[in-house]
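Chains S and E, in that order, are what the protein sequence lines are.
Going by the numbering used here, the first sequence opens with residue 557, and the numbers climb by one from there.
Going by the numbering used here, the second sequence opens with residue 445, and the numbers climb by one from there.
A couple of the hints might just be wrong.
A few chain E positions that, by computed beta-carbon distances, are all more than 10 Å from chain S [to be verified]:
id	residue
1	Arg-460
2	Gly-500
3	Leu-556
4	Glu-607
5	Glu-615
6	Ser-650
The following residues of chain S were derived to be distant from chain E, with all beta-carbon distances above 12 Å [what the hints assert, rightly or not]:
id	residue
7	Ile-558
8	Asp-560
9	Phe-561
10	Leu-595
11	Gly-632
12	Ile-650
13	Leu-661
14	Leu-677
15	Lys-686
16	Val-694
17	Leu-793
18	Phe-795
19	Gly-815
20	Leu-822
List of simulated lysine-lysine pairs, DSS-like, C-alpha gap at most 27 Å [unchecked claim]:
id	chain 1	residue 1	chain 2	residue 2
21	S	Lys-641	E	Lys-501
22	E	Lys-453	E	Lys-657
23	E	Lys-503	S	Lys-641
24	S	Lys-773	E	Lys-505
25	E	Lys-453	S	Lys-641
No wet-lab data here; the hints were simulated from the structure.
By construction, the Cβ of each residue, glycine as well, lies at the ideal position given by its N, Cα and C atoms.
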Amino acid sequence: MIADFLSYGFVQRGLLSGSLVAASCALLGVFLVLKRLSLIGDGMSHVCLTGVAAALLLSANPVYVSVPVVAAASLGIMKLTQKFKIYGDAAIGIVSAAGLSVGLLITALAGGFNTDLLGYLFGSILTVSKDEAVLCGVLLAVVLGGLFFFYRDLTSACFDEPFARTRGIAVQTVNTVLVVVTSIAVVLAFKVVGIFLISALLIIPPVSALLVSRTFKQVLWLAACFGVASVWAGVYLSFVFNIPSGATIILVNLLVLAGAYVWARLGGFGNDR
Amino acid sequence: MSSIIEAEKLHFAYVRVPVLEDISFAVEKGDYVGIIGPNGGGKTTLLKLLLGLEQGKGKIKLFDQPLAQFKDWRKIGYLAQKSPVSQSRFPVSAEEVVLMGLSDRHGSGVSLGELKQVHEAMQKTRTREYAGRIFHDLSIGQQQRVLLARALVSNPELLILDEPSTALDPESREMFFDLLGELNAKRGVTILLITHDTGEVGKYISKFMYIDKTLVFYGTKEEFCHSQAVAEKLGAFAQHTIDHLHNHGHCPLGCTCGEAEK
Chain S
557 MIADFLSYGF
567 VQRGLLSGSL
577 VAASCALLGV
587 FLVLKRLSLI
597 GDGMSHVCLT
607 GVAAALLLSA
617 NPVYVSVPVV
627 AAASLGIMKL
637 TQKFKIYGDA
647 AIGIVSAAGL
657 SVGLLITALA
667 GGFNTDLLGY
677 LFGSILTVSK
687 DEAVLCGVLL
697 AVVLGGLFFF
707 YRDLTSACFD
717 EPFARTRGIA
727 VQTVNTVLVV
737 VTSIAVVLAF
747 KVVGIFLISA
757 LLIIPPVSAL
767 LVSRTFKQVL
777 WLAACFGVAS
787 VWAGVYLSFV
797 FNIPSGATII
807 LVNLLVLAGA
817 YVWARLGGFG
827 NDR
Chain E
445 MSSIIEAEKL
455 HFAYVRVPVL
465 EDISFAVEKG
475 DYVGIIGPNG
485 GGKTTLLKLL
495 LGLEQGKGKI
505 KLFDQPLAQF
515 KDWRKIGYLA
525 QKSPVSQSRF
535 PVSAEEVVLM
545 GLSDRHGSGV
555 SLGELKQVHE
565 AMQKTRTREY
575 AGRIFHDLSI
585 GQQQRVLLAR
595 ALVSNPELLI
605 LDEPSTALDP
615 ESREMFFDLL
625 GELNAKRGVT
635 ILLITHDTGE
645 VGKYISKFMY
655 IDKTLVFYGT
665 KEEFCHSQAV
675 AEKLGAFAQH
685 TIDHLHNHGH
695 CPLGCTCGEA
705 EK
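Make a model of the complete structure from these sequences and hints.
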């Protein structure tokens, strides 16, 4: 049965793209969770609706339209917190509400987009195109490259931002790059799990990994593995039981989280390295 | 003598509420400056301005370079008032935290030279025994000692410390101040230290700075003890401090003012 399942080209492409995006989201999510910016993914996903609705209205590719829209929104969230001293969660709420309302307004003005929009809201991993799969690969390469070359800057800025600034680390640039790359990941992820569930890919694998890891590198690897495994298990289960893949991926993630919690409660890897 | 820090007409306000006004001073190489003043007087804000963590008005020079152009951060060690991870469980070991004090490399690799520096700094602060433990799992006092090791790891010429001894037990506090005193006396490290432990740290300090929104006093500890004008200016806090310094039969600051015999 698994061989049959894997024999389809669209399944292979979906699994590959889903794995690449899930790994990227999990790795980025580790930093967002530790910086208490987890909900930025939720805000960005709501802004995705504006991008998708505008793209459908213009008969353009939603991915290409959404990337600049969501990136601008993420920078807007940062500006609100830094320049106007608004709390991060409030800034995310403001931008999120703005994104959702503009998206709904465009949808209403266009008379609705029926199934096209529903596909983006709830995910359609098996409709990922070759170009989008390549973009997912580029995204993961950028994330891994960033981690490899700027590992210390990232961990230091995430652990203790003021101290990192006194080491000459360009914390502002680190934060900007982090949210812009996250916004691209969010856009690429909406086909995998749907706009409504994107933030789960950014939050649940890192939280599960944080529960069971003893080192920061372990957190990164485990978060990526949990994310990828959930995509494979979710897509396979959705194929077997004929249920929505996006929701199934997230439910698998929640099961992993529950397992991680139990593992941690039982002592995990012990108290010391 | 060259100035390590030059501050000229510093002003800072939080949403139009003035926190610091017209602060000018210079810290010379080898100075050990104790910064005192009431809560909310702007001491922490002053240190943040000097480090570029807050933006105010005025001119700041570090090691003869304007703050905006200053790049050689290895010369400065900083220890903040609060531990950075009081709530979240960030899975980094004490050793990795100390390594964060070295920022020459960006990637994940660690050189043998860096490891040696980390171990030396942890040796000085007596934290090597828990080098491999998760930072978050350490007590607040142990965390503070690890953070001191992080401030020392780059062998800085200037140490900026914001109430570093608050969470330490008496034994650790003594070790802490002895270590700072030794760094200042033997290696000529310049130190700026916000403290309320004027008695304990007084034997090492060479200058006092009293901040209460403005620079009320800046001078040697002898001038601080002798100055009647200082007592008049500083009010109850200073009277308390001076009483504390002079009511034990000797001056705990180590000055020779002779006030205690009067």
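Query raised in the report: Does S/Val-694 sit more than 12 Å from chain E, CB to CB?
Result: S/Val-694 is indeed farther than 12 Å from all Cβ atoms of chain E, at 21 Å.
Requested in this report: Classify the label on S/Leu-595 as holds or violated, using whether its beta-carbon is more than 12 Å from each beta-carbon of chain E.
Outcome: About 15 Å separates S/Leu-595 from the closest Cβ of chain E, which puts it past 12 Å; holds.
Query raised in the report: With d taken as the least Cβ-Cβ distance between S/Leu-822 and chain E, does d exceed 12 Å?
Result: At about 17 Å from chain E, S/Leu-822 clears the 12 Å cut-off, so the statement holds.
Report task. Compare the distance between the alpha carbons of E/Lys-503 and S/Lys-641 with 27 Å, and conclude whether the hinted pair is satisfied. Result -> Since the Cα atoms of E/Lys-503 and S/Lys-641 sit roughly 25 Å apart, the hinted pair holds (cutoff 27 Å).
Query raised in the report: Can we trust that E/Glu-615 is non-interface, i.e. its beta-carbon lies farther than 10 Å from all of chain S?
Result: Given that every Cβ of chain S is farther than 10 Å from that of E/Glu-615, nearest at about 24 Å, it holds.
Query raised in the report: Does E/Glu-607 really sit off the interface, with its C-beta more than 10 Å from all C-beta atoms of chain S?
Result: holds, 15 Å
Query raised in the report: Does E/Lys-657 lie within 27 Å of E/Lys-453 when you go C-alpha to C-alpha?
Result: holds, 12 Å
Query raised in the report: Taking C-beta pairs only, is S/Phe-561 more than 12 Å away from all of chain E?
Result: holds, 36 Å
Requested in this report: Just double-check S/Phe-795 for me: nearest Cβ-Cβ distance to chain E has to come out over 12 Å.
Outcome: holds, 36 Å
Query raised in the report: Was S/Asp-560 rightly flagged as not at the interface, with every chain E Cβ beyond 12 Å?
Result: Fine: 41 Å to the nearest Cβ keeps S/Asp-560 off the interface.
Query - S/Leu-793 and chain E, when compared Cβ to Cβ, separated by more than 12 Å - result: holds, 31 Å
Query raised in the report: Taking only the CA atoms, is the gap from S/Lys-641 to E/Lys-501 under or equal to 27 Å?
Result: Roughly 19 Å separates the two Cα atoms, so the pair holds.
The structure does not agree with numbered hint 24 stated previously, though it agrees with all others.
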